[in-house]
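K.L.:
Please work from the sequences and hints to get the whole structure.
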Amino acid sequence: MLLKNTFLFLCVAALLGSCISDENSPGLEYMPDMYRSPAIEAYVDYGMDPYHFGESQVDSLNSRMSARKPAQGSIAYMGDQMAFGMPYPYPNTTEGYEAAGAGLTSPLPTTQANIEEGQEIYEIMCIHCHGEEGKGNGTISKNGHIEGIPSYSEKLKDLPEGNMYHSIQYGKGLMGSHASQLSQKERWQVIQYVQVLQNGGTMPEFDENGNVMEPKADAATDAAEPDADDTTQG
Amino acid sequence: MNLPSKGMTKFQSALRALTLMLSFALLSPVFAGIWDEGDIANGESLFKANCASCHKVTAEVLAAPGLAGIKDRWDSSDEMLVKWIQNPQGAAATGDPYVKSLVERYVGTYGWMTAQAVSAADVKDIMAYVQNPPDVAEPVLSENECLTIDEMQTEDSDSSSAIWFLILFVLFVIIAVSAGSVKKSLENAKLESEGKEPLPSMSYFESAKAWAWRHLAWVSVAGLFITAVFITMAYKGAMEVGVYEGYYPEQPIKFYHSIHVCENEVDCQYCHSSASKSKHAGIPSTNVCMNCHKGIKNGSRWGGEELGKIYAAIGFNPENGQYIEDYEEQPIEWVKVHNLPDHVYFNHSQHVEVAGLQCQNCHGDVQTFKGGRIAPVEEINALVDDYPGLIQLSKPTLTMGWCIECHNKAEVGVTTTDNGYYEEIHNRLKDDMRGNEELRKYLEDEKVTVKELGGWECSKCHY
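Just so you know, the sequences run in chain order A and B. Residue numbers for the first sequence follow the working numbering, so the first one is 86 and each next one is one higher. Residue numbers for the second sequence follow the working numbering, so the first one is 392 and each next one is one higher.
By construction, these hints were calculated from the structure, which means they are not laboratory data. Where hints are given, some of them may not hold.
[Said to hold, decoys possible] Here are the simulated lysine-lysine pairs, DSS-like style, with alpha carbons at most 25 angstroms apart:
| hint | chain 1 | residue 1 | chain 2 | residue 2 |
| --- | --- | --- | --- | --- |
| 1 | A | K154 | B | K727 |
| 2 | A | K154 | B | K575 |
| 3 | B | K575 | B | K600 |
| 4 | A | K270 | B | K575 |
| 5 | B | K645 | A | K227 |
| 6 | B | K668 | A | K154 |
P.N.:
Take a look at the structure:
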């Protein structure tokens with residue numbers, strides 16, 4: 086009798102203990118159906134919801150998955166950025182790369198705002214491989230995971246912007262395509278910042294409207310400065 | 392005359408041969424032995440600067456074939472190798488049969504090699520390094536010390552103390568019951584020796600009842616106490632319904648935020664790139680993983696095992712570094728961690744782009760997590776040293792109380808941001824008489840909070 090009672094007590098204790106914390110369980114939900122929208126929402130697994138749907142519906146509901154590839158040939162609606170909405174005309178081949186380098190130019194004027202925006206994007210998207218100064222010595226390279234990333238200010242000093250755009254669009258060598266992460270405008274902005282890095286990181290001079298001032302008489306000294314930087318750093 | 396002249400010609404011819412050899416050596420200094428006597432150290436730095444982004448010195452395929460055993464494979468002249476590196480298309484145009492076979496075999500798959508600006512002497516050094524690679528690719532440990540909370544945790548949580556408390560309680564009850572029965576049998580023995588009738592035998596329940604009646608005051612106080620404890624427990628339990636703090640589910644891939652964010656310093660928004668553009672922060676699609684993992688095929692914790700799941704999803708063959716054609720790609724089914732109810736509207740871009748919040752303000756120290764986890768509010772509050780201006784909150788993470796508490800405290804930089812919306816609101820309030828009144832009311836405490844700009848309107852989040 087005593088033993089039986091004790092056993093019962095221990096069972097209750099164990100049950101209480103087990104429900105205290107389980108990292109794999111989200112815990113109790115109040116009115117579970119309120120957590121799943123009848124309208125299609127991204128990242129909601131409708132097939133998993135036992136309150137709404139029976140087993141038989143799961144398959145058809147899974148096909149309503151919201152994160153899907155756009156239909157082939159779709160052109161993204163860019164709102165007020167009409168200049169950036171058009172499909173990319175150059176194919177992902179060596180010839181396409183050459184053609185883009187020769188023929189593709191930025192529709193975006195070089196301004197202070199664009200370069201600064203480009204720097205922000207660079208520090209999110211590129212810096213871990215290409216490094217803060219664009220010398221190919223980002224953390225991933227320093228940690229020895231990907232090596233031989235070319236330096237913007239040395240090997241890629243004269244790389245045309247069309248080639249850069251082509252590489253962001255399709256990837257090049259080990260670099261993958263970043264088209265899904267960057268809009269067309271953002272790509273051109275980050276290229277403007279890369280061009281600053283090609284120049285050794287010296288920002289061009291801006292007028293009061295933020296436009297780049299045309300280098301005049303002292304163009305020669307401007308060009309010489311980053312070179313001097315390179316030799317001291319290299 | 393003859394002899395000296397003969398001597399001269401001998402000398403001249405020797406000189407001529409020497410000059411010839413010298414000029415020959417100068418023109419193609421690597422003719423004999425591009426494969427030996429190169430400077431390995433120089434070759435290593437040249438290789439890492441020019442070749443390592445596509446080639447490995449082992450047989451592993453990166454973005455192009457591995458170079459192990461190239462000396463035995465190269466079936467053409469040494470000059471052709473130099474030419475091939477300096478100008479691949481030019482080398483192919485010479486019609487060399489081996490180069491032609493290379494072009495046929497590889498260019499279709501990997502594309503043309505980029506022409507490299509290296510001299511013949513450089514190639515010699517590079518080949519010396521390629522033939523004498525370092526024994527083992529020693530793992531380069533990051534300078535950053537990056538542990539996950541699982542690796543840091545040492546003491547147990549207080550759930551075990553509750554179990555000890557219960558065990559003590561059970562022991563106490565057992566002792567009380569057995570002491571009671573010992574007392575009873577002793578008393579019976581005493582009564583028997585005095586020749587009186589023994590106490591009536593009672594069940595446990597009856598004896599407990601009799602004991603309770605005898606000590607009514609104590610029992611009722613204890614009963615009140617126990618009832619109060621149970622009501623508190625029930626209340627606390629009910630308050631935890633719909634609270635997901637500490638939810639840390641196992642994911643289909645053993646992904647570590649600590650490796651990516653802390654060790655390799657990849658920005659949050661590299662993978663969650665839509666956080667600044669859309670309602671959702673976004674789970675990276677497999678192609679984003681491949682931006683790095685096309686090259687990094689061995690993880691630092693699980694080798695190729697966990698990465699293989701990504702390759703299986705997207706259809707990538709790590710052996711030859713190529714995507715499998717006509718592969719039916721499968722999305723990776725991550726377990727959703729942060730799940731707001733359907734009747735709540737939340738927008739990431741509004742918080743990241745307009746308010747300029749750091750991810751850590753709401754998600755805590757994600758770089759110490761493996762996969763996704765809902766950081767408890769106390770943990771987030773503790774980050775205030777690293778993130779100045781972080782608002783201290785008291786309600787559990789991801790509850791409505793938490794949201795509106797922050798909206799009540801968070802200031803809007805009306806004057807410091809160049810957001811046209813706030814400018815517009817400010818102008819409207821200034822021009823309007825009633826607006827002026829409102830504005831004065833808002834500015835009484837000399838700050839404008841999110842609440843004062845409508846952050847507590849129901850329809851802001853519920854519609």
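K.L.:
Now tell me, hint by hint, if it's right for this structure.
P.N.:
Here's how the hints hold up against the structure:
Distance restraint check for K154 (chain A) and K727 (chain B): the Cα-Cα separation of roughly 20 angstroms lies within the 25 angstroms cut-off, and the hinted pair is therefore satisfied. A threshold of 25 angstroms between alpha carbons decides the hint, and for K154 (chain A) with K575 (chain B) the separation of about 81 angstroms lies outside it, so the pair is violated. Restraint check for K575 (chain B) and K600 (chain B): satisfied, since their Cα atoms lie roughly 15 angstroms apart, inside the 25 angstroms limit. Of the pairs offered as hints, the one joining K270 (chain A) and K575 (chain B) is violated, with about 91 angstroms between alpha carbons and a cut-off of 25 angstroms exceeded.
Among the hinted pairs, K645 (chain B) with K227 (chain A) is consistent with the structure: their alpha-carbon atoms are about 24 angstroms apart, no more than 25 angstroms. Straight-line distance between C-alpha atoms of K668 (chain B) and K154 (chain A) comes to about 18 angstroms, which keeps the hinted pair within the 25 angstroms bound.
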